[in-house]
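Quick mapping for you: the protein sequence lines, in order, are chains A and B.
Just so it is clear: in the first sequence, position 187 is 979 by the working numbering, and no numbers are missing.
Just so it is clear: in the second sequence, position 476 is 1268 by the working numbering, and no numbers are missing.
There's no promise every hint is true.
For chains that are exact copies, the list does not tell them apart, and a pair is met inside one copy or across any two.
Unchecked claim - 27 Å max Cα-Cα, derived DSS-like pairs, lysine-lysine:
1. LYS1072 with LYS1421
2. LYS1349 with LYS1156
3. LYS1110 with LYS1346
4. LYS1156 with LYS1324
5. LYS882 with LYS1321
6. LYS810 with LYS1256
7. LYS1253 with LYS1421
8. LYS1346 with LYS1156
9. LYS882 with LYS1072
10. LYS1027 with LYS1106
11. LYS1156 with LYS1106
12. LYS1324 with LYS1349
13. LYS1256 with LYS1421
14. LYS1256 with LYS1072
15. LYS1421 with LYS1156
16. LYS882 with LYS1068
17. LYS1132 with LYS1072
18. LYS1027 with LYS1321
19. LYS1421 with LYS1324
20. LYS1324 with LYS1061
Hints are computed from structural coordinates only; laboratory data are not their basis.
Since this is a predicted model, take the numbers as computed values, not measurements.
Here's the letter readout for the chains.
Protein chains: 2
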Amino acid sequence: MASSAIETDGQEILDLEKNRQAEMSQWVLNAPEPPSLWRELMDSARETVLPRGKRFPYLKDKDGLSKTVISVLQAMFPIFSWCRHYNATKLRNDLLAGLTLASLCIPQSIGYATLAKLDPQYGLYTSVIPPLIYAVMGTSRDIAIGPVAVVSLLMSSMVPKLEDPEANPIAYRNLVLTTTFFAGIFQAAFGLFRLGFLVDFLSHAAIVGFVSGAAIVIGLQQMKGLLGIAHFTNKTDVISVMQAIWRSVHQYWNPHNFILGCSFLSFIKLTRFVGKRNRKLFWLPATAPLISVVLSTLLVYLTRADKHGVMIIKHIKKGLNPGSIHELQFNNPHIGEVAKTGLIVAVIAITEATAVGRSFASIKGYHINGNQEMVAFGFMNILGSFTSCYVATGSFSRSAVNFSAGCETAMSNIVMAITVIISLELFTRLLYFTPIAVLSAIILSALPGLVDPHEAYYIWKVDKLDFLVCIGAFFGVLFASVEIGLLAAVIISFVKIIIFSIRPGTEELGRLPGTDIFCDVNQYPMAVKNSKALIIRVKSGLLCFANANFVKEKIMKWATEEEENDSQGKRTVQVVILDMSNLMNIDMSGIASLLELQNNLASGGMELAITNPKWQVIHKLRLANFVTKMGGRVFLTVGEAVDACLGAKMAAV
Amino acid sequence: MASSAIETDGQEILDLEKNRQAEMSQWVLNAPEPPSLWRELMDSARETVLPRGKRFPYLKDKDGLSKTVISVLQAMFPIFSWCRHYNATKLRNDLLAGLTLASLCIPQSIGYATLAKLDPQYGLYTSVIPPLIYAVMGTSRDIAIGPVAVVSLLMSSMVPKLEDPEANPIAYRNLVLTTTFFAGIFQAAFGLFRLGFLVDFLSHAAIVGFVSGAAIVIGLQQMKGLLGIAHFTNKTDVISVMQAIWRSVHQYWNPHNFILGCSFLSFIKLTRFVGKRNRKLFWLPATAPLISVVLSTLLVYLTRADKHGVMIIKHIKKGLNPGSIHELQFNNPHIGEVAKTGLIVAVIAITEATAVGRSFASIKGYHINGNQEMVAFGFMNILGSFTSCYVATGSFSRSAVNFSAGCETAMSNIVMAITVIISLELFTRLLYFTPIAVLSAIILSALPGLVDPHEAYYIWKVDKLDFLVCIGAFFGVLFASVEIGLLAAVIISFVKIIIFSIRPGTEELGRLPGTDIFCDVNQYPMAVKNSKALIIRVKSGLLCFANANFVKEKIMKWATEEEENDSQGKRTVQVVILDMSNLMNIDMSGIASLLELQNNLASGGMELAITNPKWQVIHKLRLANFVTKMGGRVFLTVGEAVDACLGAKMAAV
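Using the sequences provided together with the hints, build the complete structure.
Below, the structure written as structure tokens:
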């Protein structure tokens, strides 16, 4: 169409047009050399590792050392920034939020420590030191720090493989503390070397599937406490746990535990329902766990139900966190496994905390510094491992309570930590009669928020392959183990990337009516195919060893089949135009295939032209001498290629 | 620029333009639904698995059963096609080529059998049955079938791990035959299920590196024969072999072997030099190995040099291939390893044969049916494993001789096989005194053709990362083992694909002067940036979990930094236009990041517009309701987006 229009115009316009085309082809061919691989690597390393924002703006002004020191301190310890604007109103709000938080945190911490197969006081320890350090170093104002369900599950599913927590509780605890140390080291390293992008490798879909599966596994673990089972399995997969429950129920089952647990679970659920109906009563669901603990403890104490089979916490060690540097075991034969567990826990903990922090920051409209966050998490876990804490991170449920209670700054974490310290010093003896079934009920009540079928359905609706990742993580956690679930999700995600990148798809382009734009004829049904030129675009960002041969054969088949259709009077392909605008890069196999394509087309009397090659592609094609071998038919746009090639053919006839 | 031009024009043109833009936006938004994942999977499976060319054109005509049967037979056994046009001239040429081939094949086969740690007659057996079967089923006219160096090396490096060839030669041989059977099964399966693309996963660069490394390893293995070492290492890596040579040379070293080997190596090299100078003497290098064998055997026989330490072949079993079905071991405890070895050997053998076949077919200008070739290789190896043959494939050096000798059809393979049969029946006794050093010399003389430093340099010049693949395979083979070399190459190749696909690069676009085309400002330095719109294109085919967050932060940084520069009077970004033309696909994390980007930009007073989303991308964005959330600013081209967004801003002011 366009070519015939040109021909009917005068010779002058034709010449002008030709000059213009030649000029634009020269633009393509004479592009400056792209940065070398080395420079690109350096640039990308620099971009990745060095601060993205202006983290040290003070370096610009030369106002003296003291100002610089203050700025560095402010960057490292954001508390110095917000402390200066702190006032009584904020303190009142933070005090209220911190106390509410503590009332939820104490029972949850004890429960999560039990889930992690540690003594109950370790949960409380973990709610003391880490929140204090985070308050000094963290950048989020709403996050509530402490032990969380998923990390506790990870600990209890990975560390017992190395050391039996029942046979040898001290060795087990030492390994947990060493794992915590490694997790802290990895988190701090991620932050300091700005490797936060590594956390991105867990995709959204994988997290949804993983957390849902983990919630169900955690729920099943609570059956131990809820049913009062003494000997439970160390495995976490659904089948082993179900078998253990089935066996125990047949052997010995105490209904008191179950009735007690279910009653308080119903109570907590009821308060949550009321709290949702009336936003002003937000403190009711937040304090319900503490109320449950107090009521149930009183109940057991008064009725001495522990003598009738109700399992109770018994002794909780009184007093503040003891030091634990001497408990870290670096000469352990399992040290490699411990480090691996530390890495997995570090990634999961950061992922959860980042999700929590980002969501509340975006609601309140402030910015979270991802790398500083990771440094804060790292230091809080390293110092935590020195003071008998296991891995702490930002808890979703408690952060939500913190937010609803109107917290203003990280001060609420300090208030919470102080409350926990007071409890550790004064009230541990009061928890002697607390029934374990109630702790299980408290954990169970927090789980439904982690299972998200709506999000899973949304993922299914939008992206079937992402749903596969989600389901892979879910079933992996449920039926194999926590690590296998994560591994399955990561592997499926990367296989998906490989498949998408090398899928040897091609699409035919046609001209959109009334424009010079060429588009996929399937996506734009109104696009008109050219009768003499076959315009093909590769549907992949790479033309490489894995797809080049296939693409070549597909184009050849297309070109020759269109040829054959010609006998029924359809079209004669004279020119094959390969639109390279999708291709980011090409490799040696890709270039070899293009050369074969060019030779095969030439032997069939057809021409090959390429359009809009990207920087790396045209550079490599030039280096490989492909441009001269194919007669220099390189154009910037498909339109020019059509005009130039068909115009030349016409002139030759 | 373009927008101001529009504004100065009359209102009428503006309206027309607006209508046109709206229409084109509708084209983008109302694209038909892309094929579902399921249909795409089916289509791609169909395309992959089903015949690409018209393999059964006879199905169209209904001329009766006999014709159909003949056509099927012709497709399965191409010999029926070319046999009908066979004539005396072709026979004369094939006879000449076949005899030349046999003279090279007999000494090489014996040598390669020794390399594979088998008795010499097994090399000869492998030059009988496989060539005959290939002649019936294969589609290449020039390929010469038989044992080859690389496959023999693979056998001798992988199977001895399961069974010691010196301690238990019969069990070793049985495993080799079983490996051959598996290799044949895999090859036939690749062909029948049209999985030939799996062979593409070994990239060109990997093959160059692998073959070069293998050639050096094979050369070092020949030191055993050349130096007359009795006890050699079973390992193939350079360091082990060097140590073995060093030890042997210090313990016992017979110079006669070395002198004999080197003399005949020089002779063969000399004939090759002469043959290259004078193309008519092509038979001289081709027959030189046989001449060497005859001369050296005579020499040893006359001087009885074997009594002075010259190692000789001694007994070669007389007679045709014995049956070996009973020797296949499917109950072996190592059966999994054997099958794995079979798979690796199958892939390497096909890769070599395909490369050989394609290169000669493209010289002569005929087409090779890749899948039929694989079926032919599969059947020849399966039947070979029943008749005491180990894995055969197309040999590069012998195919070149076959081609130079003027072969016309696969008949030359039949002639060669018959000659080998006659030798097996009549002349095996004559080879009793053949010195092993001469066999080593013959293998050594064929190796330099496999090492290709020019190609490696070419790869280095064009593609540094492909060179890494090449070097990985080379050093892997050299210093670790054959499998590790291959594994290294495949892993580096796929990691390269992942890195390219998820690298979070972005580029800024500018308008090429005098056009409506927007291009990378780095690739096209003449492109002019827009003063109010930041136009960004993602340099990756996927916006997914691994790069979406990084891309988002990069764009935000870019947009806000440009903002800041404004105080020095540079530019105010009002609109960020994201050109999506590169993106083949997007996942849930990508959509989430786009949403965050849109929110962040909005809170900074900027607008986000997207242009030219591909089929899958716009479909998913629509499903995720992103299009409505971002206010429907979706355009077909960047130019329209600039005009529409800035035009609207102007109108609002």
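Self-check item: In rising order, the numbers of the hints this structure does not comply with
Solution: 1, 3, 4, 5, 6, 11, 14, 17, 18 and 20
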